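**Q** These are the residues of each chain, in order.
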Amino acid sequence: MINLLGLLQMRGNKMTDKKLPLSRRSFLKGSGSVIVGTLAMTSGSIALLAPSRSWALELNSLNDHTGKTLLQFCRHLYPHADLEDAVYALVVKDLDASAADDPDIRMLLQSGVQDLDSAAGGDWLSIGDDAQFLYVDSLQGTPFFEKLRGTAVVSLYNNDMAFAHFGYEGKKGNAGYLHRGFDDLTWLPDLPDKASGPMPDASA
Amino acid sequence: MARYDNKKTFAHDDDSVVVIVGSGAGGGTLANELAQKGIDVVLLEAGALHTSKDFLPDEWASFSQLAWLDKRTTSGDWRVAKDFPNLPTWICKTVGGTSVHWAGASLRFQDHEFKAKSTYGNLPGTNLLDWPITLDEMVPYYDKAEKKMGVTRTNDLPGLPGNNNFKVMYEGATKVGYKECHTGRMSINSVTRDDRSYCHQRGFCFQGCTYEAKWSTLFTEIPRALETGHAELRPESHVARIEHDAKGKVTGVVYFDKAGNEQRQKARAVAVAGNTIESPRLLLNSESSSFPDGLANGSGQVGRNYMSHMTASVYGIFEKPVHMYRGTTMAGIISDEAGHDPSRGFAGGYHFETISLGLPFTAAFLNPSGWGKDFASAMDQYANMAGMWIVGEDMPQADNRVTLHPTERDKHGLPIPNVSYSDHPNDKAMREHAFKQGEAIYNAAGATRVIRTPPYPSTHNMGTCRMSAKPEDGVCNKHGQSHEIPNLFISDGSQYTTSAAENPTLTIVTLAIRQSEYIADQMKRGAI
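Protein chains in written order, with my numbering: chain P, 48 to 251; chain S, 43 to 570.
So here's chain P without its partners, still in its complex pose (with noise of 0.2 Å):
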C-alpha cells in the first residue's frame, strides 16, 4: 500500500537534493555512519553523472550495518542488475533522513534489519542472494517491508542517475521535444496526414 500523502510529506523535506553526495566532501561533515562504494560501471550513462567513481553516503540516525542491510534489501525489492549502488543508497538516504525526523521510524528500521539477522541466523547480508530473497519475501505486508517498498518506489526512480539510466529526460524536455524527437521512432511507417497534423510554423 502506497501512502502517497506520507511519502510527499517525506519528499518535501528530504528529496530536493536528488543527487548523492559523490564526493569526499561528505566524508567530511557529521558525524553519523558512511556507506562507501565504487562505481561498478566506469563509463555509461550514470559514471558520466558522477564526479568521481568512489561515492559515500554519510548516514545520520541509522549504523552503516543498518544503512547496507537496507541497501541490499531494496536490491531484492527492485532488482536492477546493471543499476549502481549508488542509486540504490539514494533510498537509504530517504531512509535515514525519515529515521532522523521519526523515532517511530528509525526503531522501525533497526529493529527490522535486527530481526532480519537473527532469522538469518547473525548476519542477513552474508547469506547467499536466494536465501536472502526468501526473508524479503515473507515480510511483504510488514510495516519494515512497506516502508522500504513505499520509499524505494519512489527515491529509486526519482533523481537524475536513474533517469539516465532508464532513458528519461526529465526536465531536459522542458523545452520541448517539437524538434528534439517528439516523432523520432523510424522503426514503424510514417504517419499518414489524416491520421496526424503539420508541424506547426513558428513563423505563422
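Treat the hints with caution; some may be incorrect.
Said to hold, decoys possible - Between beta-carbon pairs, the in silico distance windows are:
hint	chain 1	residue 1	chain 2	residue 2	range
1	S	N164	P	K219	50 to 56 Å
2	P	D231	S	G302	47 to 53 Å
3	P	Q161	S	D378	56 to 62 Å
4	S	D153	P	D231	39 to 45 Å
5	P	S92	S	N197	44 to 50 Å
6	S	G219	P	D231	26 to 32 Å
7	S	G163	P	D149	52 to 58 Å
8	S	G163	P	D231	47 to 53 Å
Claimed, not checked - Partner residues aside, some chain P positions facing chain S, computed with beta carbon under 7 Å:
hint	residue
9	L124
10	P126
11	H127
12	V200
13	N205
14	G214
15	G220
16	Y224
17	L225
18	G228
19	D230
20	A242
21	G244
22	P245
23	M246
24	P247
Hints are computed from structural coordinates only; laboratory data are not their basis. Fair warning: this is a prediction, and the values are worked out from it, not measured in the lab. Ideal placement from N, C-alpha and C gives every residue a C-beta, glycine not left out.
Using the hints provided, position chain S relative to the given structure of chain P.
**A** Same frame as chain P, now just chain S:
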C-alpha cells in the same frame, strides 16, 4: 502578476454578486461567461495562484504543487482504496482547478449517451437515468465551447502532429482493423491562436502547460473575466458552507481565507463548482434545520451516483525505443469501440487514448504495490514502452457515493469526505474487453510484452449532484439549477446524469456556457 490582478473588488456584504465556488473548467468558464455579460462575479478558489511560469517539469514536485492533497478516505472494492487509501482522485487545488492538469482530449458526447436509461435499459444495480437534455440541445453550445477552446480538427484547425507513442498506437490500431484513429480532438493549440502558443510537445501536460498551448481557465477564462471589471478572484478561499434565508433562498457563503479567518460573502446566487467530491461535500456540510440532509438534497441524491469512468491502461514493451514521454500526452485517440454495441457483452463504450508517464510516475502507477523481478524487468524497458489509457462509460450506482466522515475533520474543523466506489459488473466486463483489445493493438504493433495497469486515482469525477427531469431523481435541472433552491446552481461535472465515454471537460465547459445564458436570463426576469 497584473494579468491576475483584480480590476474590481466587491464588498463582502454586496448581495448583488454571483458567487462561484471553484475556478476550474466549470466555475472558471461560468465566471467569464457571466462577466462578459456584465454580471458581477466573485470567484472563490480553494487553491493558490500558480501561473504557467511556476509549473515544474518534475512529476512528484508538480504533484505537491498542484494536486488536491487534503485528506480523504475511501471505501468500496476498487483497487484505489487499497493502493491509495487517502488519494481517491488526482485533481488539482490551484487557480484554474483541474483544467491546469487535464490532458486536453475534447470529444462530444454521443446522442445515445444522453439517453442512457432508454438505451441501456434497466441494468440491475444501476441508478441509470436519461439526461434532461439532448445532444441536439447541446450542439450549439458544443460549437461555442470548441471555438473557445480551440479544439483541433474542428473549425478548420489542424490536428496535432503525431508523436512516437501515437505512431505505435496507430500501427497497432490499423493492424487490428480500427478505422477511427488520429491525434485526437484536443484543446491544445496546433497553431498559434487565441494569443497562445502552439504545442511544443513537452510531454508535461499533467504538470501544467508552460507554453499555455493547452486550454485552461487559468490562461483564458479567468484573466478575461478579470479584464472585464466584473469579476473578482479570491484564491486560497475555502468555502465551508452556503447560507440561506427563511424563504429557502441562498444568501451567501462562509469561507476560510488564506490566513484561516472565517469570512462571509453575500450573494444573489451561488454556483458550486468544486469538482465532484467537494461540491456534494459543501452541500452536505451546509445542512440546516430547514435542510437537515444538506442543501438541495430533498431527493437524497447529493453525493450519490459518483462516477469516475471505467478506466485502466495498457503498456506495451517493444524491441526498439519509443520514448513515450516525448510529446503531447494524450494526442492519440481510437474511437472504434466508443459506440453502444451490446453484442460485446456490456452497455456503453470506451476510447483508447495515448498516455505517457515519466519514469517516477511509471514506477508509482504501473502496478501500485508491485515489486520484485517482474516489476523491475518492466521498468528496465521504460525507454521501449508505449502507453494507452482506456476511458469508458461507468454505470451510476446509488451507493457509489461521497459522504461526510463521521469523525475526521479537516484543518477548518469540517468533516472530511469519504469516497466509496465499487465496479459494476458492466464496468468489469467493459474493462476486460478493453484490456484484450488494447493488448491486441500493441501485439499487432510488435510488442514483446503487454502490461495491464489498474485505474489511477480518478481524474474524471462525475455525477454526485446529478441533473434530472424530476426533482425526486436528482439534484438539479437541465440548467444545473438545484430543484429545491432557485438561486443555487451546480456548475461542474457533478451535474452529470451519466458519465458517457468521453473525457468530461468539453461537456463541463459546454454546460457552463449554456448555464450562463440561463442565469443571465433568470436574473433579467427577476426570477433569481
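**Q** Can you give the numbers of the hints that this structure goes against, from lowest to highest?
**A** none
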